[in-house]
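Q: The residues making up each chain are set out below.
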Amino acid sequence: MRVARLLAGFVVRTFAGCAMAVVAVAAGAQAPSRVALLIGNAAYPDAPLRNPLNDVREVAASLRALGFSVTAHENLKLGEMRETLRKFVLGSRSADVRLVYYAGHGLQMRGHSYLLPVGVRIESETDVLERTADATELVEQLSAIEKGANVVIIDACRVHPMFSTRTRKMWAVKRGLSGLAAPSGTVVAFSTRPGQVARDGDGDISVYTRHLTRSLRQAPELPVEVFFKRVRAGVVAETGSKQVPWESSDLSGELCFRPDAKGQCGRAP
Amino acid sequence: MNMQFDEISRKAAAGTLSDEEREWLANHLREHPERRADLEWDAALGARLEEKIAALPAMPGWERTERALQAEQAASEAQAAPPAVSTKRAAKRGPGLLDRLSDWFASSLGFAFDAQMAAVALVLVQAGLIGVLAWQYEARDDSAIRAGTADPTPRGPLLRVSFRQDVRESELRRALADIGGEIVGGPGQIGVYMVRVREGDLRAAAQRLRAGGTTELVEVLGNGR
Chain W
1 MRVARLLAGF VVRTFAGCAM AVVAVAAGAQ APSRVALLIG NAAYPDAPLR NPLNDVREVA
61 ASLRALGFSV TAHENLKLGE MRETLRKFVL GSRSADVRLV YYAGHGLQMR GHSYLLPVGV
121 RIESETDVLE RTADATELVE QLSAIEKGAN VVIIDACRVH PMFSTRTRKM WAVKRGLSGL
181 AAPSGTVVAF STRPGQVARD GDGDISVYTR HLTRSLRQAP ELPVEVFFKR VRAGVVAETG
241 SKQVPWESSD LSGELCFRPD AKGQCGRAP
Chain G
1001 MNMQFDEISR KAAAGTLSDE EREWLANHLR EHPERRADLE WDAALGARLE EKIAALPAMP
1061 GWERTERALQ AEQAASEAQA APPAVSTKRA AKRGPGLLDR LSDWFASSLG FAFDAQMAAV
1121 ALVLVQAGLI GVLAWQYEAR DDSAIRAGTA DPTPRGPLLR VSFRQDVRES ELRRALADIG
1181 GEIVGGPGQI GVYMVRVREG DLRAAAQRLR AGGTTELVEV LGNGR
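Respectively, the protein sequence lines represent chains W and G.
Residues in the first sequence are numbered consecutively from 1, following the working numbering.
Residues in the second sequence are numbered consecutively from 1001, following the working numbering.
Fair warning: there could be bad hints in the mix.
To be verified - Covered stretches of chain W (chain G as the covering partner; in silico rule of three or more C-beta atoms under 8 Å from a C-beta of chain G): (1) 80 to 90; (2) 103 to 112.
Claimed, not checked - In silico negatives: residues of chain W with every beta carbon more than 10 Å from chain G: (3) S69; (4) E74; (5) E146; (6) Q196; (7) D202; (8) R214; (9) A233; (10) V244; (11) L251.
Quick caveat, the hints were computed from the structure, so don't treat them as lab data.
Here a beta-carbon is modelled for each residue, glycine too, at the ideal position from N, C-alpha and C.
Turn these sequences into a full structure, and let the hints steer you where they fit.
A: If you want it as C-alpha cells, here you go:
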C-alpha cells in the first residue's frame, strides 16, 4: 500500500513536473513580440550625471504601460554593457519590435558612435575602441535581423570633461554622436543633432526624455516618424532651439508604440 | 740729303729749329723750291696734332682711372647710406623684410644677392615638383591599394554565426572545418561572425553547425548578396 502511494505520488509529481515544463517551454517559445532594453549610466567617477537613472525608470514605466517587455540596467561597467547588448541582439531575434534606449555619456570617433560605460577612463583613441560600447555596430547588428523592426533611442550627447579644450589630446574623438543613418527596418533617434551636446536638464529627468515619455503617454498610436517629430517640437520649444533632436528612419512599413486592435497606427490630430 | 730734309722739316713744323738748321733749310729751299710744299704739309700736320693733344685731358691715364674709381665708390656709398633727411613714415619703415633677409644671408652665410636669388628659385622649383608629385599621389589613391582592393562586403553563400562564449578556439576551428566554412567578417563587440561556406548546401551546413552545440546563433544570409 505504501509502495502504491509512493508510486502514485511519483506519477503525480512527474506528471505535474512535465506539465509545468510544457507550460514553460510554451511560454518560452512564445517570445514577447515587443522587447525593450534600457540602459542608464550615471555614476561616472569624473563626470557624474544626475538624470540617466531617473530617465531609464521613467521610460521603463512608459513602455511597460504600452505592453513592452522591458529589461532595464543601471550603471553598467564595460563587460556588463557589452554582454547585455550582445545578449539582447542574439535573444530578441524573434521579436516584432526591438527597442534600445540609452541615457548616459557618449562620444564619436571617425564616424562611429560609442556609448560610455561607467568605471572607464578614456585617455586615447585606442581607449575608445577598447573601453566603450559601439553604438554603430549595435544598430547594424539589429538591422541585420530579418524579422521585425528596431527603434534605437540615444540620449547620450551630454557634456563630458574630456572635451575640455585644455585637456584635449584625442583629435579624432569628438563630442556628441555621429550622424547614424538608420539601416533597413530601423529608426534611430538622438536627443540632439549629430556633434551637438544635449542637456541633462535642471529637473529630475532630461529634457529629451521628459518629452519622449510625455509623447509615449499621450500619443503612442502615432507612426514613429510623426511621434518623434512631436518629441522634437517639444524639446525645441523648451530649449529655445538650443537642443534639436535628430532622427533617421528607414522603415518600409508602419510602426507605432501602440497600434490599434487591427495593428494599425493612428493619425496625427 | 732727303733724310736730313725730313728731319729738319719736322723740327721746322714743331718750331724747334736751330739757327744753323734754319740757314741750311733756307739754302736747300732755294736750291730745291719743289720741296717747299712738303715743308708746308709738315707744318700743317704739326698744327693739327697740337690741336688734338690740347683737346685731350691733362691727366695721365692711371691718374684718370683712379679718380673715376673714387668717384664711383663715393656714389655707391651715398646710395647705400640712409637718407639724412627723410619723411617720418620712411624712417619708421626702415629696410624691408626682403632687404633684411638678404643682408642676413649676406652677412651670416656670405651669399651674394645673385646666389640668394638662385637659391630661392631652386627652392621654388623643388616646391613645385613636390606639389605635382603630391597631386599625382592623391590622384592615384594608394589608400585603396593599402586597404586591399577587394570589396569589403563579403560575398558568396554566407552564414551569420555567434559562437558560445565558452567555446575554445580549437572547437571553433573544428566546427568551421566540419562545414567547409571560413570566417570572412566579424566579430565585433556583439560577437557575430560572417562565415562563408565554400561548397555544398548552405542550409545543411547551418543545420550541422547548430547541431554541433558550439553556437548561439546560426542564420542563413541567402545564396550570396
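Q: State for each hint whether it applies.
A: Tested hints:
| no. | hint | verdict |
| --- | --- | --- |
| 1 | 80 to 90 | holds (count 5) |
| 2 | 103 to 112 | violated (count 0) |
| 3 | S69 | holds (20 Å) |
| 4 | E74 | holds (20 Å) |
| 5 | E146 | violated (8 Å) |
| 6 | Q196 | holds (25 Å) |
| 7 | D202 | holds (34 Å) |
| 8 | R214 | holds (32 Å) |
| 9 | A233 | holds (34 Å) |
| 10 | V244 | holds (29 Å) |
| 11 | L251 | holds (21 Å) |
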